[in-house]
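Protein chains in written order, with the working numbering: chain A, 1 to 147; chain B, 1 to 147; chain C, 1 to 78; chain D, 1 to 78.
Be a bit skeptical, because a hint or two may be false.
Keeping only pairs whose Cα atoms sit at most 16 angstroms apart, straight-line, the calculated EDC-like set for lysine to aspartate or glutamate is [what the hints assert, rightly or not]:
hint : chain 1 : residue 1 : chain 2 : residue 2
1    : B       : K30       : A       : E98
2    : A       : K133      : C       : E13
3    : B       : K133      : D       : E13
4    : C       : K6        : C       : E67
What the hints contain is simulated information worked out from the structure, not anything from laboratory work.
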Amino acid sequence: MKDKKIKNSLVEGPITPEKIGTSIAHHQVKTNIGAHDIFLGQVRADEIDGKIVTAIDYSAYDEMANKVFDEIREAAFEKFDLTCGHIYHSKGIVKAGEICLFVFTSSKHRQMAFDATRFITEEIKIKVPVFGKEIFEDDSFQWKTNQ
Amino acid sequence: MKDKKIKNSLVEGPITPEKIGTSIAHHQVKTNIGAHDIFLGQVRADEIDGKIVTAIDYSAYDEMANKVFDEIREAAFEKFDLTCGHIYHSKGIVKAGEICLFVFTSSKHRQMAFDATRFITEEIKIKVPVFGKEIFEDDSFQWKTNQ
Amino acid sequence: MTLIIKYFGMVAEASCKKEEVLEFNNLPVQNLRNDLLKKYPRLATVDFKIAVNQSFVNDNFVLTGSEEVALLPPFAGG
Amino acid sequence: MTLIIKYFGMVAEASCKKEEVLEFNNLPVQNLRNDLLKKYPRLATVDFKIAVNQSFVNDNFVLTGSEEVALLPPFAGG
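For reference, chain A alone in the conformation it holds in the complex (with noise of 0.2 angstroms):
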């Protein structure tokens, strides 16, 4: 069942900012590129029921995961005009503040990647096998669900 060729969009513990900045420094290179869109979900410290989230404890079914990323990743480029697209998610714990999601499309005009990047981020959203551990103060949880 493994196929080579689909990319671990899946990160250890919080994306950093570093990351992030050395993945544009990348893009420098490939002069037909006009725009970038770039979409960064953050945990934040909600309160839920008098209790501050501190954390978000990811997990994920990762082949699965992996799989549905290509394919949302492959189904932005046939609807977009698209020179690049990338995807990252977190694993593991992210705490409040730091980053767990960051998508990152590239295009010779900007609505293309305006409407790829949203598109991704909509798609990750409903269709992608990660479940999330919402982490109190008193290390109590709760499961964390999409809409």
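With chain A fixed as given, assemble chains B, C and D onto it according to the hints.
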């Protein structure tokens, strides 16, 4: 005519990936943010009448540009529920592959950040007095015009 | 014939395990679901979908053996 | 009364200057535009708008002195 509250959104030369990474890092203390959307404009090595663009030399009516950047940022905060909003635009030489525009909005939820970054970027294109000379390999040039 | 059953998130919490191997012969997903609900009563409190070999299937899908079956609670990515 | 006139981008290229100070008394923008087109014939080949004290005004706006007037060609930001 000077107003101390108006920020300087103009940056000398290209906007570096490091600056973008650092700016993202500064937002990790704001734990009410759940979503960031970043637009980056990058100079393309377009071919025009057989000649390749090697750089754009940006100039601006600085005082008015900063006033309008500020008005656009204010309008975005009026229209969308934002936590943060930043705009940086280059002046001077920006080579092909380098970044000339950095729009960065943050919000509790993703839709507001997506909408705000797009709004700000479109507004900049039509309202801000920034001028650009596309410079070719042979040092000839032509004036760039939006739309 | 054997099935690998994988449990994730609040489903894993309800079954108290992450993975197990079950012996079966030609089995509709609906029957597997009912068997697992009997085996792990706490699963009844959890909303989950079933994926076979990493794709969602409906309850009439017949497992013939060697499949990887995953019980997936609501997603929380992004 | 004096006006500061600023030229940008291809307008500056057409006038061969970036800034100058002109002496005037109550002058509609339309008249200033015509005066500058006579002084710098190459301006006729350039599409430009006029801003007074950093805001766009229409051609009937009357300059009373001490204003900063800018001749702005099409924008290229972003």
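Status of the hints after comparison with the structure:
A distance of roughly 10 angstroms separates the Cα atoms of K30(B) and E98(A); the hinted pair therefore holds under the 16 angstroms criterion. Straight-line distance between C-alpha atoms of K133(A) and E13(C) comes to about 11 angstroms, which keeps the hinted pair within the 16 angstroms bound. Between K133(B) and E13(D) the alpha-carbon distance is near 11 angstroms, which keeps this suggested pair within the 16 angstroms criterion. Taking the CA atoms of K6(C) and E67(C), the gap is near 11 angstroms; set against the 16 angstroms cutoff, the hint holds.
Every hint, counting from the list given before, is met by this structure.
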